[in-house]
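Full structure from sequences and hints, please.
Protein sequence lines, in the order shown, are assigned to chains A, B, C and D.
Going left to right, the first sequence walks through residues 1 to 228 as UniProt numbering numbers them.
Going left to right, the second sequence walks through residues 1 to 199 as UniProt numbering numbers them.
Going left to right, the third sequence walks through residues 1 to 313 as UniProt numbering numbers them.
Going left to right, the fourth sequence walks through residues 1 to 811 as UniProt numbering numbers them.
No lab work stands behind these hints, which were simulated from the structure alone.
C-beta atoms are modelled at their ideal positions from N, C-alpha and C, and glycine is treated no differently.
One or more hints might be untrue.
To be verified - Result set (DSS-like, lysine-lysine): computed pairs, CA atoms no more than 25 Å apart in a straight line:
#, chain 1, residue 1, chain 2, residue 2
1, D, K458, B, K142
2, D, K177, D, K748
3, B, K119, D, K391
Unchecked claim - Taking beta-carbon pairs under 10 Å as the criterion, some of the chain B residues facing chain C (in silico):
#, residue
4, V39
5, R40
6, R43
7, L44
8, A45
9, G84
10, G93
11, P97
12, K98
13, F149
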Amino acid sequence: MAIDVERTSVRPLVEHTVIDRYHAKARVNHWVTAITFTLLTLSGLALFHPGLYWLTAFFGGGSGTRAIHPWFGVVLLMSFSLLFIQFWKHNFWNRDDTQWVKQIDDVVKGDEEHLPELDKYNAGQKIVFWLMALFILILFCTGLVIWDQYFHGIVTIETNRLAALVHSAIAICAILLLIVHVYAGIWVKGSVRSMTQGNVTGGWAWRHHRKWLRREVRGAEPGGSTEG
Amino acid sequence: MIGEFSRRQFLRTAGAGIAGTTLGAMGFGGAEQALAQAVRPFRLAQTTETRNTCPYCSVACGIIMYGLGDRSRNTQASLIHIEGDPDHPVNRGTLCPKGAALLDFVKADTRLKHPMYRKPGSDKFERVTWDFALDRIARLMKDDRDANFIEKNKDGVTVNRWTTTGFLAASATTNETATLTYKVVRSAGMLVFDNQARV
Amino acid sequence: MSSYQSLDIKRRSATEFTPPAIRSTGLEVAKLIDVSKCIGCKACQSACLEWNNLKEDVGVNVGVYDNPHDLTPHSWTLMRFSEWDNPDTGNMEWLIRKDGCMHCEDPGCLKACPAPGAIVQYTNGIVDFISENCIGCAYCVKGCPFNIPRISAVDRKSYKCTLCSDRVAVGQGPACAKACPTAAIMFGSKTDMQEQAARRVEDLKSRGYANAGLYDPAGVGGTHVMYVLHHADKPEIYHGLPNDPKISPLVNAWKGGAKLLALGAIAFAAVGAFFHHTVVGPNKVSPTDEENAADLVEEAENGSPQPEPTRAG
Amino acid sequence: MTNTWQDIKNTDLVVVMGGNAAEAHPCGFKWVIEAKANRGAKLVVVDPRYTRTASVSDFYCPIRPGTDIAFLGGVINYLLANDKIQHEYVKAFTNASYLIKPEFGWNEGLFTGYDETKRGYDTSSWDYQLGEDGFAKIDDTLQDPQCVYQLMKKHFAVYTPEMVERICGSPKDKFLKVAEMMSECSTPTKTMTSLYALGWTQHSKGAQNIRGMAMIQLLLGNIGVRGGGMQALRGHSNIQGLTDLGLMSNLIPGYLNMPTDKEKDLGAYMSTRGFKPLRPGQTSYWQNYKKFFVSFQKSMWGDAAKVENDWAYDWLPKLDVTYDVLRAFDLMANGKMNGYFCQGFNPLMTFPDRGKITKALSKLKFLVTMDPLETETSRFWENHGEYNEVKSADIQTEVFQLPTSCFAEDEGSLVNSSRWLQWHWPAVKPPGEAKLDTEIMAQIYLRLKAMYQEEGGKLPDPIVNLRWPYANPEDPTPEELAKEMNGAALADVTDPTDPTKILVAKGKQLDTFAQLKDDGSTFSFCWIYAGCFTESGNQMARRDVSDPGDAGLAPKWAWAWPVNRRILYNRASSDVNGKPWDPSRKLVYWTGEKWGGFDVPDYGPTIRPEQSVGPFIMNPEGVARLFSRGMMRDGPFPSHYEPFESPVANVIAPKIRGNPAARIFKDDLVALGTPDKYPYVATSYRLTEHFHQWTKHVWVNAVLQPEFFVEISEQLAKEKGIDKGGWVRVWSNRGSVKAKAVVTKRIKPLMVDGKPVHVVGIPQHWGFMGKTKKGFHPNSLTPFVGDANIETPEYKAFLVNIEAIASGPVA
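Set out below in structure tokens:
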């Protein structure tokens with residue numbers, strides 16, 4: 001508290017230095033995706049392992065879970081597609097990203113001073129983004145094939161078996177990725193507000209995405225709006 | 001306390017409840033559940049059995065008809081199943097695809113339930129009473145017999161025949177029905193009389 | 001419940017540990033389908049429909065005797081007809097096989113099923129679908145090496161031959177076996193059926209069927225529905241009876257131990273994250289960061305050149 | 001059937017020809033499978049199609065429809081030429097040694113005595129040479145050229161294996177294999193059984209087909225033995241019963257004959273029914289004919305049938321011609337009939353040439369149908385598009401559709417193929433207002449009787465005097481009727497050798513037909529059923545499953561006619577000395593004092609073997625007839641004739657194509673098709689999934705075989721551009737049907753007389769009522785031709801043409 005007070009007294013404006021990161025549309029889009037993903041995770045895991053079958057209770061029982069899971073998937077695909085359209089441009093890989101990956105030790109330790117200055121997303125976020133896009137596409141396609149209620153018989157049973165295997169394996173990968181994503185959000189304090197309030201503090205941006213901050217501050221954005 | 005709380009929250013959101021449920025995944029869930037699977041109860045346990053013979057071919061397999069109802073005064077029997085009679089020396093409980101489906105014969109949609117009558121030139125049946133049908137049939141028979149009965153042939157031999165009305169008997173009726181049919185048909189002097197035996 | 005009383009459970013779908021079936025009599029049952037005695041009369045189909053009160057749709061003729069044309073949620077058994085030219089004798093042989101659930105000792109359907117207790121295997125070997133637990137996911141269809149289960153479009157439940165578990169529970173044989181006019185379907189203990197099959201094979205060999213044999217495929221641990229075939233070396237000529245059926249490796253991979261590994265990975269990730277947090281602590285923004293940012297903003301607003309940040313965070 | 005269903009398990013060789021037992025009688029066929037599995041028996045199938053019976057056979061031989069006699073003649077020739085006959089049996093138990101009149105002969109396809117204008121024979125030359133003692137002459141050496149054995153050799157010599165192949169299209173090597181397998185059964189310890197059905201009867205020479213095989217069985221010594229015999233697998237559940245009870249134009253119950261115009265009184269009627277033995281000491285059981293006849297008359301008219309009025313002989317209608325169904329519908333089509341009753345019968349989908357049947361029914365004044373189910377016949381006036389194209393308004397027939405009970409709702413007995421009378425019990429009441437047939441018949445009768453009593457009319461006597469002793473005249477009970485079939489004593493029946501001994505007291509049920517009298521002191525509606533319902537109760541309801549010796553007889557299950565005998569001619573199971581031919585298959589044998597064994601002997605129980613009484617006690621000669629004398633209208637030996645519609649000429653006798661004595665009317669002769677327009681041989685049949693037109697009303701069976709189809713070979717399909725499962729039109733000179741095509745390897749073209757003949761198979765289970773898809777019946781195509789002896793229509797061989805069409809019929 002003391003520090004805060006002190007800070008306030010020294011630089012009253014600091015607390016008000018906020019940078020817009022996501023406008024409302026993007027935030028809603030993200031949370032729809034997040035909620036759908038969570039529901040998919042829960043309903044999927046319910047059918048993935050018998051020990052988690054009790055999770056079906058959240059979806060009106062086994063049949064309900066079986067029935068609704070693919071519809072969540074449809075929602076996820078649509079929702080994620082919108083996210084994708086908004087974010088894909090910011091997720092091109094560059095030299096800094098490679099450097100970032102090389103210094104992953106520093107990243108894990110939270111020592112970011114020796115990292116290159118980063119634009120809106122760091123390499124980790126980009127990896128999450130692209131992998132998630134790939135996983136969702138695979139999950140959707142394989143899910144469609146094993147969605148017996150409407151797509152019975154469109155492929156052979158053997159292909160069906162492959163699809164089921166791939167679907168579950170990819171789903172696990174996607175969940176792991178989600179854990180990374182969520183944990184990153186929690187670990188890196190000040191991140192969550194970007195998706196709840198839509199902005200971050202200047203300090204957060206300085207610390208994690210300085211290149212982005214500089215551009216924001218310049219007001220010039222080569223790629224158009226900075227808001228996703 | 002607040003830190004403690006947030007840790008739990010973290011686990012729930014990030015791990016989707018995994019930690020708690022991995023225990024379940026080790027197999028402690030199923031064993032505790034009441035296993036409610038049930039074999040369908042044997043559905044002939046309390047039925048009334050009646051012996052009969054398959055009405056189709058001449059192997060004449062023994063069948064057992066399982067009826068709802070215990071033959072008490074106030075219950076109307078209804079068939080629910082038919083199966084082969086294991087005692088029968090020929091079929092020994094077996095049945096062919098026809099015999100095995102006899103229940104659906106008894107209960108066919110096209111079973112007739114009421115006497116029907118079609119007027120000359122009409123394009124439909126209409127429902128009539130038994131009395132109407134039987135009176136009318138008997139009248140038509142008598143009129144035809146009286147008009148066309150031949151008592152003597154051209155050589156003067158007594159022939160007493162009536163050949164303008166004929167009768168096809170059914171070779172799936174009982175001997176007893178056949179006996180009564182024979183008596184009625186022959187006593188009227190009919191000669192145009194046959195059954196499936198030579199078809 | 002009655003299943004517990006008369007037909008104890010050996011395996012149960014989506015259940016890691018089934019309580020030991022302590023009441024087991026040790027008697028395993030089996031249905032022996034002697035293709036060499038089968039006349040393809042479809043009495044088994046008829047008896048099955050009647051006993052199980054199934055109402056199949058009246059179809060059409062598509063140029064073959066097989067009706068319905070495939071197994072359906074209402075037709076749990078089906079005669080499949082194959083006209084096969086025997087290259088050795090030059091004669092056409094009309095091979096007629098009663099298709100339906102094989103009641104595998106290692107049932108792929110049960111392995112694939114995600115719903116606890118939707119598929120059970122009794123100690124007598126019968127594999128039964130328990131509809132009230134079935135969720136209609138059709139995983140059993142993927143699990144089955146014989147392509148047997150069918151999902152009803154009406155109630156989205158999976159159906160197949162129960163080996164008349166309700167009849168067996170009260171000491172009777174399955175309806176099809178009882179009806180079969182030529183005793184091409186026999187029912188009894190598995191050992192008795194194997195002995196019976198051996199006698200039949202001997203008879204067939206004496207009639208010139210050198211490759212006659214019993215179909216009790218080891219790949220699925222043996223089955224509780226077995227065939228006597230005149231040409232046991234070529235089961236596929238009997239309308240595609242699998243030569244060496246086993247649970248698909250894909251299904252094994254999907255449903256095998258990898259599952260626990262996967263869950264472990266998830267748990268590990270979650271726990272790992274927790275410990276990372278514990279060890280490294282939160283990645284917080286320092287006041288210096290804020291100041292640096294504020295400076296940057298200020299400079300930008302003032303239009304002055306932006307020096308490189310100097311303050312340490 | 002001469003034997004029981006279960007007895008088939010005792011055989012060594014099953015020959016299925018002229019039938020398809022596995023499909024039509026699956027549960028009886030199980031005993032074939034038992035014989036195969038437990039005795040190592042072999043199964044041979046000879047059929048135009050590779051049927052489901054063939055699918056479990058050890059040997060299959062194809063044959064062109066309608067050429068069975070050539071095939072069987074070939075086997076007879078093979079047996080005689082290779083001396084593969086059971087000599088002792090043939091000599092002692094058949095008429096092989098009997099000398100035939102020298103005027104008898106065979107020339108150019110005709111036996112002696114043919115009259116073309118009558119389409120029939122004078123059969124007087126087809127008989128034995130009688131000695132001065134009135135007995136038939138025999139030659140035990142079988143060397144006399146006029147003895148039956150030598151005549152047979154001569155008659156069948158033409159049927160060489162090459163000729164069989166030429167006529168039947170059966171490859172010579174396959175025919176020879178079948179003949180060889182059959183010939184192995186000529187030893188006393190190997191038996192063969194023949195299973196046949198409508199594949200033999202539904203021909204213009206159906207009865208002769210069966211005789212062909214019966215002769216083979218006699219030559220092999222297989223009649224009267226366990227695992228042998230001739231098994232007529234009858235179609236309906238009680239077709240045997242209705243035949244026994246004589247529900248036919250020309251029959252009186254128990255195989256007595258209706259009198260004809262020529263028999264003006266009882267004396268004339270009995271004069272040809274003396275059945276004097278043709279060899280010394282023979283039983284000739286028909287000598288009791290009059291006892292059976294009088295007892296029948298007493299059961300019809302009771303006290304009104306008395307010696308003074310020749311036991312009411314005049315009240316029986318006299319036949320001028322046989323009123324078989326072909327004649328009935330011909331009369332009808334010509335406007336000569338006014339009323340018709342169809343009790344559980346569907347002639348519109350049964351009798352040949354459906355167009356003619358529709359025309360015939362349309363000319364009736366009234367039609368009454370009695371059936372538990374809708375039938376096409378009761379709706380013949382209703383338009384069903386292409387399936388029944390009629391104009392209702394033009395049809396003036398009054399139609400009554402009376403609902404009856406079905407098996408589950410009635411009580412009584414049915415006679416199965418092995419002559420067992422089995423009683424059954426009802427479980428439920430008929431639906432709606434449906435009534436039992438017995439009540440309907442009683443109601444019609446009582447109304448008719450009342451009208452004759454009130455109004456008078458033509459000859460009311462037989463109607464008003466009909467014996468009607470039922471407790472409730474309005475609704476006689478099955479038990480009352482069963483007792484009536486059996487018969488009872490009207491006065492005390494005493495022992496002929498000891499008049500003080502009463503065998504049956506007045507009013508008591510008879511135990512056996514041996515108690516029947518021709519003096520009016522007994523009545524029995526059907527003499528062969530005497531014993532079915534005795535003072536000790538309803539024998540038909542017996543349910544004792546015991547089977548001594550595991551013989552396959554189950555003698556205490558239900559009751560078999562005659563006198564609970566399970567295997568006919570069973571005396572022939574032992575040699576002349578009364579010793580079983582095969583000790584492992586004993587049936588009836590001489591114990592030293594009497595005939596004993598597992599079955600009721602078909603023989604006088606105390607006739608000693610040395611008395612040389614033949615085992616075929618119904619025949620005046622006491623032996624079986626290889627030469628049938630004048631008993632068959634179309635010849636004493638079977639002879640090959642082509643079906644009336646045939647793709648080839650009769651190579652045996654080119655001038656005579658079809659059976660010269662077969663039933664055919666002039667109009668129908670004109671309606672026959674020729675091979676230039678109709679090049680393919682069609683045959684009709686049952687499928688195992690259905691029973692006639694009944695089961696198309698049954699949901700499950702409709703599922704199992706839903707839609708009308710025809711079966712053709714892959715070669716014909718290719719030739720005509722027909723796809724598997726595609727629509728085809730099949731037409732004959734009489735009509736046309738549309739069907740789905742089943743293209744199969746199970747039918748193959750046959751090489752007949754050097755040219756390929758294609759077969760079109762047409763199953764017979766569809767119509768325009770019921771649960772199945774609407775369809776046609778082969779009777780739209782079949783010719784109006786009947787067998788020479790029993791007028792069974794020729795459904796099994798006729799000519800059609802076929803083409804692929806784009807779509808099915810319009811309903």
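Next on the checklist: Output the indices of the hints that this structure fails to meet, ascending.
Outcome noted: 13
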